Amino acid sequence: GENVEQHPSTLSVQEGDSAVIKCTYSDSASNYFPWYKQELGKRPQLIIDIRSNVGEKKDQRIAVTLNKTAKHFSLHITETQPEDSAVYFCAASSSRDDKIIFGKGTRLHILP
Amino acid sequence: NAGVTQTPKFRVLKTGQSMTLLCAQDMNHEYMYWYRQDPGMGLRLIHYSVGEGTTAKGEVPDGYNVSRLKKQNFLLGLESAAPSQTSVYFCASSFYNQQAFFGQGTRLTVV
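First to last, the protein sequences are chains A and B.
For what it's worth, the numbering used here labels the leading residue of the first sequence as 24, then goes sequentially.
For what it's worth, the numbering used here labels the leading residue of the second sequence as 45, then goes sequentially.
Rather than coming from a laboratory, the hints here were simulated on the basis of the structure.
In this text, all values refer to a predicted model and were calculated from it rather than measured experimentally.
Just so you know, not all the hints are guaranteed correct.
Cβ-to-Cβ under 8 Å is the rule here; a few derived chain A residues that face chain B [unchecked claim]: (1) D50; (2) A52; (3) N54; (4) P57; (5) K60; (6) R66; (7) A93; (8) S116; (9) I124; (10) F125; (11) K127; (12) L134; (13) P135.
Below, in silico cross-link-like pairs of lysine to aspartate or glutamate (EDC-like), each with a Cα-Cα straight-line distance of 16 Å or less [unchecked claim]: (14) B:K101 to A:E38; (15) A:K127 to B:E123; (16) B:K58 to B:E103.
Yeah, the Cβ is synthetic: ideal placement off N, Cα and C, and Gly gets one too.
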């Protein structure tokens, strides 16, 4: 079945700098890759997603890139702000079995 | 439009007791999922359903059962709770290959 690896597990960046979180997946049939943000004590919420027929997608300060050949995708947050502090999860959804499998998460700290 | 609602929000069980967690969605989603979240382990898929009357195993199905008798409801059962099942449980629903919406979570403690 699908396996999603996420790195790093913890990331600290200075406010205003950029943050990058990387994920790899194993199932070549995966075709949908969402990213979720979870604040302390809250439910995960979608921040951006990308499909396998697209290489890059951007939404204001957030961008996601996908390399199907290498089976990896990345989240880029630019001009980080204190409210970006949270846990971020990548996920992959396979057309083979319809599961949505998550990575283990990255705790992002924005330092003042 | 409530989205995804989980019942209960908190529960303490004794080892060996049984319980059912209810997930209800009002978005007419075909797909529904149950995850558990443990520190450092991310969100692990327990069971999922691709439509009314269907269920399938996820990554960590042992010790749990599910049912999807109605499209809007997805039930997660623990027949004989164990301390290892202490966790936060999240339900989610979606259309095929679309954004999944999560419930508010259920914090379960087994003592």
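Verification of the hints:
1. D50: 13 Å, violated
2. A52: With a minimum Cβ separation of about 12 Å from chain B (threshold 8 Å), the hint on A52 of chain A is violated.
3. N54: Check passed: Cβ of N54 of chain A comes within 7 Å of chain B, closer than 8 Å.
4. P57: 6 Å, holds
5. K60: Where the cut-off is 8 Å and the nearest Cβ of chain B is about 11 Å from K60 of chain A, the hint is violated.
6. R66: Nearest chain B Cβ about 4 Å off; hint holds.
7. A93: Where the cut-off is 8 Å and the nearest Cβ of chain B is about 21 Å from A93 of chain A, the hint is violated.
8. S116: 6 Å, holds
9. I124: Constraint on I124 of chain A satisfied, holds at 6 Å.
10. F125: 4 Å, holds
11. K127: This interface hint holds because 4 Å falls under the 8 Å limit.
12. L134: Constraint on L134 of chain A not satisfied, violated at 22 Å.
13. P135: 26 Å, violated
14. B:K101 to A:E38: 42 Å, violated
15. A:K127 to B:E123: 27 Å, violated
16. B:K58 to B:E103: Distance ~25 Å between K58 of chain B and E103 of chain B Cα, so the pair is violated.
In terms of the numbered hints stated before, the structure departs from hints 1, 2, 5, 7, 12, 13, 14, 15 and 16, listed from lowest to highest.
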